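Colleague: Chain by chain, the residues run as shown.
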Amino acid sequence: MAEQQSVPDGKHKASPKPVGSPVGNSRSSCSGAATAGSGGLSGGLTQPAGWQSLLSFTILFLAWLAGFSSRLFAVIRFESIIHEFDPWFNYRSTHHLTTNGFYEFLNWFDERAWYPLGRIVGGTVYPGLMVTAGLIHYVLNLLHITVHIRDVCVFLAPIFSGLTSISTFLLTRELWNQGAGLLAACFIAIVPGYISRSVAGSFDNEGIAIFALQFTYYLWVKAVKTGSVFWTIGCCLSYFYMVSAWGGYVFIINLIPLHVFVLLLMQRFSRRVYIAYSTFYIVGLVLSMQIPFVGFQPIRTSEHMAAAGVFALLQAYAFLQYLKDRLTKQEFQTLFFLGVSMAAGVVFLTVIYLTYTGYIAPWSGRFYSLWDTGYAKVHIPIIASVSEHQPTTWVSFFFDLHILVCTFPAGLWFCIKNINDERVFVALYAISAVYFAGVMVRLMLTLTPVVCMLSAIAFSNVFEHYLGDDLKRENPPTEDSSDEDDKRNSGNLYDKAGKVRKHVSEQEKTEEGLGPNIKSIVTMLMLMLLMMFAVHCTWVTSNAYSSPSVVLASYNHDGSRNILDDFREAYYWLRQNTDEHARVMSWWDYGYQIAGMANRTTLVDNNTWNNSHIALVGKAMSSNETAAYQIMRSLDVDYVLIIFGGVIGYSGDDINKFLWMVRIAEGEHPKDIRESDYFTPQGEFRVDKAGSPTLLNCLMYKMSYYRFGEMQLDFRTPPGFDRTRNAEIGNKDIKFKHLEEAFTSEHWLVRIYKVKKPENREALDHKPRLTNTASKQKHLSKKVSKRKRGFIKNKLNLKKGKKLNKKTV
Amino acid sequence: HCFSFFVQMLLSEKVGQLMDWASKRAVIRMNGDKFRRLVKAPPRNYSVVVMFTALQPQRQCVVCKQADEEYQILANSWRYSSAFTNKIFFAAVDFDEGSDVFHMMNMNSAPTFMHFPSKGKPKRADTYDLPVRGFAAEQLARWIADRTDVVIRVIRPPNYAGPLMLGFLLAVIGGLVYLRRNNLDFLYNRNAWAFAALCFVLIMTSGQMWNHIRGPPYAHKNPNTGQVSYIHGSSQAQFVAETHIVLLFNAAVTLGMVLLHEAATSDMEIGKRKIMCVAGIGLVVFFYSWLLSIFKAKYHGYPYSFLLMVL
Numbered sequence: 001m002a003e004q005q006s007v008p009d010g011k012h013k014a015s016p017k018p019v020g021s022p023v024g025n026s027r028s029s030c031s032g033a034a035t036a037g038s039g040g041l042s043g044g045l046t047q048p049a050g051w052q053s054l055l056s057f058t059i060l061f062l063a064w065l066a067g068f069s070s071r072l073f074a075v076i077r078f079e080s081i082i083h084e085f086d087p088w089f090n091y092r093s094t095h096h097l098t099t100n101g102f103y104e105f106l107n108w109f110d111e112r113a114w115y116p117l118g119r120i121v122g123g124t125v126y127p128g129l130m131v132t133a134g135l136i137h138y139v140l141n142l143l144h145i146t147v148h149i150r151d152v153c154v155f156l157a158p159i160f161s162g163l164t165s166i167s168t169f170l171l172t173r174e175l176w177n178q179g180a181g182l183l184a185a186c187f188i189a190i191v192p193g194y195i196s197r198s199v200a201g202s203f204d205n206e207g208i209a210i211f212a213l214q215f216t217y218y219l220w221v222k223a224v225k226t227g228s229v230f231w232t233i234g235c236c237l238s239y240f241y242m243v244s245a246w247g248g249y250v251f252i253i254n255l256i257p258l259h260v261f262v263l264l265l266m267q268r269f270s271r272r273v274y275i276a277y278s279t280f281y282i283v284g285l286v287l288s289m290q291i292p293f294v295g296f297q298p299i300r301t302s303e304h305m306a307a308a309g310v311f312a313l314l315q316a317y318a319f320l321q322y323l324k325d326r327l328t329k330q331e332f333q334t335l336f337f338l339g340v341s342m343a344a345g346v347v348f349l350t351v352i353y354l355t356y357t358g359y360i361a362p363w364s365g366r367f368y369s370l371w372d373t374g375y376a377k378v379h380i381p382i383i384a385s386v387s388e389h390q391p392t393t394w395v396s397f398f399f400d401l402h403i404l405v406c407t408f409p410a411g412l413w414f415c416i417k418n419i420n421d422e423r424v425f426v427a428l429y430a431i432s433a434v435y436f437a438g439v440m441v442r443l444m445l446t447l448t449p450v451v452c453m454l455s456a457i458a459f460s461n462v463f464e465h466y467l468g469d470d471l472k473r474e475n476p477p478t479e480d481s482s483d484e485d486d487k488r489n490s491g492n493l494y495d496k497a498g499k500v501r502k503h504v505s506e507q508e509k510t511e512e513g514l515g516p517n518i519k520s521i522v523t524m525l526m527l528m529l530l531m532m533f534a535v536h537c538t539w540v541t542s543n544a545y546s547s548p549s550v551v552l553a554s555y556n557h558d559g560s561r562n563i564l565d566d567f568r569e570a571y572y573w574l575r576q577n578t579d580e581h582a583r584v585m586s587w588w589d590y591g592y593q594i595a596g597m598a599n600r601t602t603l604v605d606n607n608t609w610n611n612s613h614i615a616l617v618g619k620a621m622s623s624n625e626t627a628a629y630q631i632m633r634s635l636d637v638d639y640v641l642i643i644f645g646g647v648i649g650y651s652g653d654d655i656n657k658f659l660w661m662v663r664i665a666e667g668e669h670p671k672d673i674r675e676s677d678y679f680t681p682q683g684e685f686r687v688d689k690a691g692s693p694t695l696l697n698c699l700m701y702k703m704s705y706y707r708f709g710e711m712q713l714d715f716r717t718p719p720g721f722d723r724t725r726n727a728e729i730g731n732k733d734i735k736f737k738h739l740e741e742a743f744t745s746e747h748w749l750v751r752i753y754k755v756k757k758p759e760n761r762e763a764l765d766h767k768p769r770l771t772n773t774a775s776k777q778k779h780l781s782k783k784v785s786k787r788k789r790g791f792i793k794n795k796l797n798l799k800k801g802k803k804l805n806k807k808t809v
Numbered sequence: 001h002c003f004s005f006f007v008q009m010l011l012s013e014k015v016g017q018l019m020d021w022a023s024k025r026a027v028i029r030m031n032g033d034k035f036r037r038l039v040k041a042p043p044r045n046y047s048v049v050v051m052f053t054a055l056q057p058q059r060q061c062v063v064c065k066q067a068d069e070e071y072q073i074l075a076n077s078w079r080y081s082s083a084f085t086n087k088i089f090f091a092a093v094d095f096d097e098g099s100d101v102f103h104m105m106n107m108n109s110a111p112t113f114m115h116f117p118s119k120g121k122p123k124r125a126d127t128y129d130l131p132v133r134g135f136a137a138e139q140l141a142r143w144i145a146d147r148t149d150v151v152i153r154v155i156r157p158p159n160y161a162g163p164l165m166l167g168f169l170l171a172v173i174g175g176l177v178y179l180r181r182n183n184l185d186f187l188y189n190r191n192a193w194a195f196a197a198l199c200f201v202l203i204m205t206s207g208q209m210w211n212h213i214r215g216p217p218y219a220h221k222n223p224n225t226g227q228v229s230y231i232h233g234s235s236q237a238q239f240v241a242e243t244h245i246v247l248l249f250n251a252a253v254t255l256g257m258v259l260l261h262e263a264a265t266s267d268m269e270i271g272k273r274k275i276m277c278v279a280g281i282g283l284v285v286f287f288y289s290w291l292l293s294i295f296k297a298k299y300h301g302y303p304y305s306f307l308l309m310v311l
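Order-wise, the sequence lines are chains U and E.
Heads up, the first sequence is in UniProt numbering, so the first residue is 1 and it goes up one at a time.
Heads up, the second sequence is in UniProt numbering, so the first residue is 1 and it goes up one at a time.
If we strip away everything but chain U, and leave its shape as in the complex, we get (with noise of 0.2 Å):
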């Protein structure tokens, strides 16, 4: 700290604050007297400060509405619907809430989903999503505006995206300035790695999560800030919604304690960081806790020990900070050494003991799967499986975030020549954001919000300087940052608001402008590339993150558009057509889908927490068509449900997944299934005739390519050609034993097939044999013939021999 850099002053000239901004104790670096008064845009006007919160609210309504209607692609062009997978498990908990009430909600075990094992919803659920849009529903009724629950949930996302992005202003401004958190609040409206998750009808857990995640950082950071109880429960409070409605919280609890830790590696201690993490820590812990699906786990899994011990940490350097005063010098260096090493070493040693003794749940496999990148891959399948779980190109990066995710570098360039404690924070949740981001592309939601911030700083710094005019140059308000005083009063506790500070003016003797051309074509070029992030943003979510994926569009080369609604006419289909109780076996991406649109009961869905279970569908669909029934026999299925793209060339089909499929299969019978039978020994994996005969002849190239053979697409290809593949198909002549087919949809794109029962097997190939064809006929032939009123069977028949004694006499 010897080297004390002068804070680079600009940062307070374009857009002061407001003088009653609510920040209740000007430690805040941007706020204070000293920036009200110094010029501004609206420097001309009698109550700049009212002027500057109605721009900033208008903003920020602005910045709501546009990312509000940016999220309805989807709701305009197809209907107010509920998208993907996930989501519809989700409208159907709501729905089930809303019917039942909470307490049922809470108690439901679901017996229609993972047949026959039935799954205990309410314990294994984050309920934040469906109590938060259960409320909404309820309020609405009560004020008798009568919508109905699959409303609410489709339009939750685009208002929360609302919230969120006041919430990221809130913190940009802590972080930063006013201006900087506008930008970041539009920035965050548009930006597609947060739309990605959050469009109309995408009615799940991040849609809210990222509004709690932003809003408990910005109470965090408050509270560091202040070093008040008050801000420290409303984080602790924020923190309890964000539990309840995202695994992500996870991340809260690791960047929180993180944070404090390296504030004291900083030698950043001060008792305002004590009271903040000390109350966040056991509120947290005991809220978090309050969670049917989190339970135990606070204090019983790894992934939570490094709060716990920050916590253990913290207590004992605050012991040691009050010793100081009551030792010598050389005392207390030797004291303090011993004190925080030996409380480090006892921490790390007692949770490495309780994990190894059992208590402490080692880290589970999805997040082990986040450090040591090649472990899903090898031991578990089925993540590896997602392909959200993927690392992530640069091209994912650009696509996602455009022209910020080449400027938030030098946001944090700033942020850390500049650092105070809130900024030591947000230099950490980028760096541990962006690492998590590059190793699975989900996590770029997580990314994305830092990332927004970050560039709205540097553009917001750069703004400052080029978008005013030169008139400010000349008098810079040069009052120096708190910064300053944090590392001056370090040890101190509070800095005191409304400092007198010195004026250095030595600058402006030197200073000169840049020159209003320079400033203008820099500021018009910055303007233009702001201008192209706004319609790339535009772009990609119309045409990338708005399909509902449950129904589909393909355009026709005049622009003409098909709506492919192959999912919901199977669906219907299933609902209308079979028995209430009829087990449908198919694979778990569409689980949910059935459930919630079909009503039928399913074998696997999406909440993949049986991997077994799993392992013996993906066996069925793997195996030939005597030893798939024998499974789905002892299962109890009725239909089995396949999607299947080679008519429209639809690629997102079971054929494709298929090997997926194998693979978890073989993880759990690697005796029946083995990967390397459905390859051809040059290793391809191929549908035509050069294709394995295993692969030909499994239950799920039967089920996709019945009756495909006889069709012929169109003139150019031979029949039974499928377009997903570009591959005429190996296996023509397909028959089913055990199996009819039930339905299929318009497209093709769904085929159901019915098990039949085993009295409807087919004949036997030989004749049976017949035995004691001879004795038994006769006695019925007997009773038609001599038309007797009854008889008995093997009674014997006598003869009476009278009429023949007459004769013969």
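Do not take every clue at face value.
Label-pair restraints from in silico Cβ distances [unchecked claim]:
| no. | chain 1 | residue 1 | chain 2 | residue 2 | range |
| --- | --- | --- | --- | --- | --- |
| 1 | E | Ala279 | U | Leu55 | 32 to 42 Å |
| 2 | E | Ala237 | U | Arg77 | 55 to 65 Å |
| 3 | E | Phe6 | U | Tyr356 | 48 to 58 Å |
SDA-like mimics (lysine to any residue), calculated; alpha carbons at most 20 Å apart, straight line [as the list claims (entries may be wrong)]:
| no. | chain 1 | residue 1 | chain 2 | residue 2 |
| --- | --- | --- | --- | --- |
| 4 | U | Lys417 | E | Ala251 |
| 5 | E | Lys119 | E | Asp146 |
| 6 | U | Lys417 | E | Phe195 |
| 7 | E | Lys296 | U | Met532 |
| 8 | U | Lys671 | E | Glu138 |
| 9 | U | Lys671 | E | Phe195 |
| 10 | U | Lys417 | E | Met268 |
| 11 | U | Lys417 | E | Asn189 |
| 12 | U | Lys519 | E | Val285 |
Derived by calculation from the structure, the hints in this document are not laboratory data.
If you're wondering where the values come from, they're calculated on a predicted model, not measured in any experiment.
The beta carbon of each residue, even a glycine, is placed where N, CA and C say it ideally should be.
On the provided structure of chain U, position chain E as indicated by the hints.
Modeller: Quick look at chain E alone, frame taken from chain U:
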């Protein structure tokens, strides 16, 4: 009776000998004589897995070395497991020690893994399919479990290299800090910290983690034309070279932003500041539009570009 007694004798002698060797070395080295007597000759109640290999340096078989390491791991996992029995033995025949075995088995490639079951002759599946399954010890263990019902849990000796390197690095850093304990200012050098953070962020956003997990080639050379392409044509994949290019572009845009800020705030004379400013905006705009055009080339159907239309 006499004959069966003799068979028992022979069998117990063979098993005893094999056990004796196996207790010394997990993989039993065999020459032609031993191979014929212990592996090929009939009275057996044990399976033998044999690796045919050529480990002598003059053979220059790199794969053999790697396969041998995996095989040793597998054999040692079995040798020191609690389930160790005389049901299965691991052996190796080196070409230079038993070339007659290679002739006898009609073997012309190394390494080859073969399983000799306790009863009957080896079938087709008893020859390990090396090109398809690879020679990882886990794969070998699966194959063995498949052929013999002996389940071997592969226990790799922990790799001490990583932790050792880390420890060494930490020790060096700690030592440096200790040596310079009177002058610890460099720890507070924000530029260094900011630079490190930026490096990490740029590495991650340019998809190096993808490279680490997927291991793509550095660049693609078209065998027909000899042309080298550094950019992968699809948006689903990338080359290593490509990620380096992207990393540089991202860094250039970042640098441009920082320069713009410095130009407006630094104390330098106005001429230099103007140059900085122009350089900054130039970097930002130029590299951004170049990046956008690369993206456009990769993401088919993307309609927008900015200033740069080529590429």
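Colleague: If you test the structure against every hint from before, which numbers come out violated?
Modeller: 2 and 9
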